[in-house]
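Enquirer: The task is to assemble the complex, starting from two chains supplied on their own in separate frames and drawing on the hints.
So the protein lines, in turn, are chains U and Z. Note that this note's numbering has the first sequence beginning at 1, numbered continuously upward. Note that this note's numbering has the second sequence beginning at 1, numbered continuously upward.
Quick caveat, the hints were computed from the structure, so don't treat them as lab data. Treat the hints with care, since some could be wrong.
One side only, chain U facing chain Z, incomplete, derived with CB under 8 Å [as the list claims (entries may be wrong)]: (1) Ala34; (2) Pro40; (3) Gly41; (4) Gln42; (5) Ala43; (6) Tyr49; (7) Ser50; (8) Ser52; (9) Pro59; (10) Trp94; (11) Tyr95.
Note that the structure is predicted; figures quoted are calculated from it, not measured. Glycine included, every Cβ here is placed at the ideal spot set by N, Cα and C.
Letter by letter, the chains look like this.
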Amino acid sequence: EVVMTQSPATLPVSPGERVTLSCRASQSVGTKLAWFQQKPGQAPRLLIYSASTRATGIPARFSGSGSGTEFTLTISSLQSDDFAVYSCQQYSDWYTFGQGTKLEIK
Amino acid sequence: QVILVESGGGVVQPGGSLRISCIASGFAFRTYAMHWVRQAPGKGLEWVAVISSDGNYQNHGDSMKGRFTVSRDNSENTLYLQLTSLRDEDTAVYHCARETAPHREFDYWGQGTLVTVSS
Chain U
1 EVVMTQSPAT LPVSPGERVT LSCRASQSVG TKLAWFQQKP GQAPRLLIYS
51 ASTRATGIPA RFSGSGSGTE FTLTISSLQS DDFAVYSCQQ YSDWYTFGQG
101 TKLEIK
Chain Z
1 QVILVESGGG VVQPGGSLRI SCIASGFAFR TYAMHWVRQA PGKGLEWVAV
51 ISSDGNYQNH GDSMKGRFTV SRDNSENTLY LQLTSLRDED TAVYHCARET
101 APHREFDYWG QGTLVTVSS
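Only chain Z is shown next, with the shape it has when bound in the complex (with noise of 0.2 Å):
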């Protein structure tokens, strides 16, 4: 079955950087678009960052460009977000998400890692 198990979260000063990590298994994850969406504390769902398949094309969120960037490793079925510049308002949990063709739905997630930033 598809499980995606996130990684990497924790607390990190104002400012700072962290990587997060996303392992995908029970797909052809070289195949698939993934996604990053992120909850903060009592709030909706945000959308992150996208990566195509290949990892040729990635976006991101207005308020996250310049400071996250999207990855992935094919080879290592694992999906990456370097977080960067990081801000009291980037505290939330952090999931990966899968889009499937055709219909571009997020079809799966994972349970999230949390990042936390905070002095």
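Here chain U stands alone, though its shape is the one from the complex (with noise of 0.2 Å):
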């Protein structure tokens, strides 16, 4: 199974600001990698795939990067609309997910 591993768990920011989050792969797994947002309640958001392709409709403020087994999401800045769980996944051997970054305000 291809464990994906995420950090920071959590990640205090404010508004504004430039946010990066990690996601490791723990055998390569090209460019099938996706992220998601989650908010309480709602459903998971497909904010990227193929590691850096943005879905229909996400701002451009979000974007991704990586290859193999290192993977970067990027908000360039913070909304207030921002604050979720965001979780990757890998689609290459299967399905796995990471465990999750949640932003919180700071």
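Expert: Below you can see the structure in the form of structure tokens.
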């Protein structure tokens, strides 16, 4: 099983900040990597797929990068609506998810 | 617009069974592979099962094999998950999700239905 590790688990941030979230795979997944945003009681929302392609309707402040085992999600200027949990998922070898990074207000 | 709505969750005793459903609308359901993904309280997302667009291929996560069965009715735009021999650790919110070609990402999800296994 491909283990996905996200860091940090919680990140205190302020609106307007640039935020960088990390996701590491235990073996290479190429670019078969997606990022999701989750808010309590809501459906997960696809942000990024193929490591760096923004999904339909996702604002340009969200960007993804990386390949192989190291991946990054960047939010260029954090908005109040962006406080949520962010999870990565690999779909190269079946499907596994990271434990998520929660953005909280500093 | 694409809408996925799960239902059928509830409280069930250990060893019990339950069938949950996901009704799809706003897209050609019969042309998409579909997945179930769950999230236990305080935990990350965990993939449960996949079914092909025509229903002829299914696969399940290792801890669910032999206990859970995914199926679909394309005439009713509905995805199902039959859960049997339920354990405490199966307590979770169960989401359905659509898989989109060619990149196979999960592009739309439902809000989920809560299954609680408890005596």
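Enquirer: So, for every hint listed, does it hold in this structure?
Expert: Here's how the hints hold up against the structure:
1. At its closest, the beta carbon of alanine 34/U sits 5 Å from a beta carbon of chain Z; the interface hint therefore holds under the 8 Å criterion.
2. For the restraint placing proline 40/U at the interface with chain Z, the shortest Cβ-Cβ distance is roughly 11 Å, beyond the 8 Å limit, so the hint is violated.
3. Contact between glycine 41/U and chain Z, as hinted, is supported at the beta carbon level, the nearest pair being about 7 Å apart and thus within 8 Å.
4. At its closest, the beta carbon of glutamine 42/U sits 6 Å from a beta carbon of chain Z; the interface hint therefore holds under the 8 Å criterion.
5. The beta carbon of alanine 43/U is positioned within 8 Å of a beta carbon in chain Z (closest approach about 4 Å), and the interface hint is therefore held.
6. Because the closest C-beta pair between tyrosine 49/U and chain Z is about 4 Å apart, less than 8 Å, the hint holds.
7. Checking serine 50/U against chain Z by beta carbon gives a least distance of about 5 Å; that is within 8 Å, so the hint holds.
8. Checking serine 52/U against chain Z: minimum C-beta separation of about 12 Å lies over 8 Å; hint violated.
9. For proline 59/U, the shortest C-beta to C-beta distance to chain Z is roughly 17 Å, which exceeds 8 Å, and the interface hint is violated.
10. Given the 8 Å rule on beta carbons, the hint for tryptophan 94/U holds: about 7 Å separates it from the nearest Cβ of chain Z.
11. Among the interface hints, the one on tyrosine 95/U holds; its C-beta lies about 4 Å from the nearest C-beta in chain Z, closer than the 8 Å criterion.
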